[in-house]
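> Add chain B to chain A, keeping to what the hints say.
Chain residues, written in single-letter form:
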Amino acid sequence: MTETMTEEVAEREIVITRIFDTPRERVWLAWTQPEELTRWWGKRGWTAPLETITMDVRPGGVFRLTNVRDEDGAEMPQSGVYREVVEPERLVFAEGADAGCPDAEQTVTVVTFTDLGDGRTEMVLHSRVHTTEANSEQMAGGVASALERLADHLA
Amino acid sequence: MINPAIEQQQHGRLDITFAALADPTRRAILARLADGEATVNELAQPFSMTLQAVSKHLKVLERAGLIARGRDRQLRPSRLQGDALKEAADWLGAYRPFWEDSLDRLDQHLTETQEKKG
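Line by line, the protein sequences give chains A and B. For the first sequence, our numbering gives the first residue as 1, with consecutive numbering after it. For the second sequence, our numbering gives the first residue as 156, with consecutive numbering after it.
Excised from the complex, chain A in its bound form:
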């Protein structure tokens, strides 16, 4: 049964393009150094404290950090493995890959940095969420929305 349920693989994808008024090398640093990452990583209301961040920025290297909610200190650990590191133009990392949990969802994020030649940098973030869908209509919309519905259902 488990096999049947893991056969159906759905993908969710997001693509975000941003242009920064900053040279490419500077943007690259922001993505690849803990002292930089701690300044911007995380949803609003959450922070990744410097002491929780370790990053080994090379192919096969692991990164780990803990997102801490400012409001109450709730923690959400995050980790992944770098797949491609091409300074200063391309960074690929997979999350959920090293948790010793092969069935877990895996998110592969590709970040490309393009030098626009005028001191600006175009960054494209392409994230694909490989979701192992359960054989259930409740889950058809993807894990996140399904969970939201479940949570609403109970609220």
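Quick caveat, the hints were computed from the structure, so don't treat them as lab data. Just to be clear, a hint being listed does not mean it is correct.
Stated by the list, open to error - Part of the chain B face toward chain A, derived, beta carbon under 7 angstroms:
| id | residue |
| --- | --- |
| 1 | R226 |
| 2 | Q229 |
| 3 | F253 |
| 4 | W254 |
| 5 | D256 |
| 6 | S257 |
| 7 | R260 |
| 8 | L261 |
| 9 | L265 |
What the hints assert, rightly or not - Rough simulated footprint, nothing fancy, chain B against chain A, three-plus residues with beta-carbon under 8 angstroms:
| id | region |
| --- | --- |
| 10 | 21-32 |
| 11 | 36-49 |
Said to hold, decoys possible - Listing some non-contacts, in silico: residues in chain A with all C-beta distances to chain B over 12 angstroms:
| id | residue |
| --- | --- |
| 12 | D56 |
| 13 | P59 |
| 14 | G60 |
| 15 | V62 |
| 16 | Q78 |
| 17 | R83 |
| 18 | V86 |
| 19 | E89 |
| 20 | R90 |
| 21 | A94 |
| 22 | D115 |
| 23 | D118 |
| 24 | G119 |
| 25 | M123 |
| 26 | L125 |
All C-beta atoms, glycine included, are put in the ideal place defined by N, C-alpha and C.
Structure of chain B alone, referenced to chain A:
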């Protein structure tokens, strides 16, 4: 004031919740429980699993605070618990906002450090 005991409890709870949610069978069980509480027997049927296998999954879900189980020794019906699920959903549902927020902050950070230098 934050109750230290509660705070302690919350620390790492998302971790346990996500570990529990990582398994597709356990997610399917949760989806089934969204329709109402069910006994181990009732859960085992649609999933064509042994009672032992279902019980094992239920224990993981219970430990993660995702379900609660009745006291009835025979049936012990399981039902969904909202809080842990809500927290997990808040995080997962925030996937795009996670990046949008982060990149807004990155932009701000880059602008600020640029200004300092210039």
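> Just pull the numbers of the violated hints for me, sorted ascending.
1, 2, 16, 24, 25 and 26
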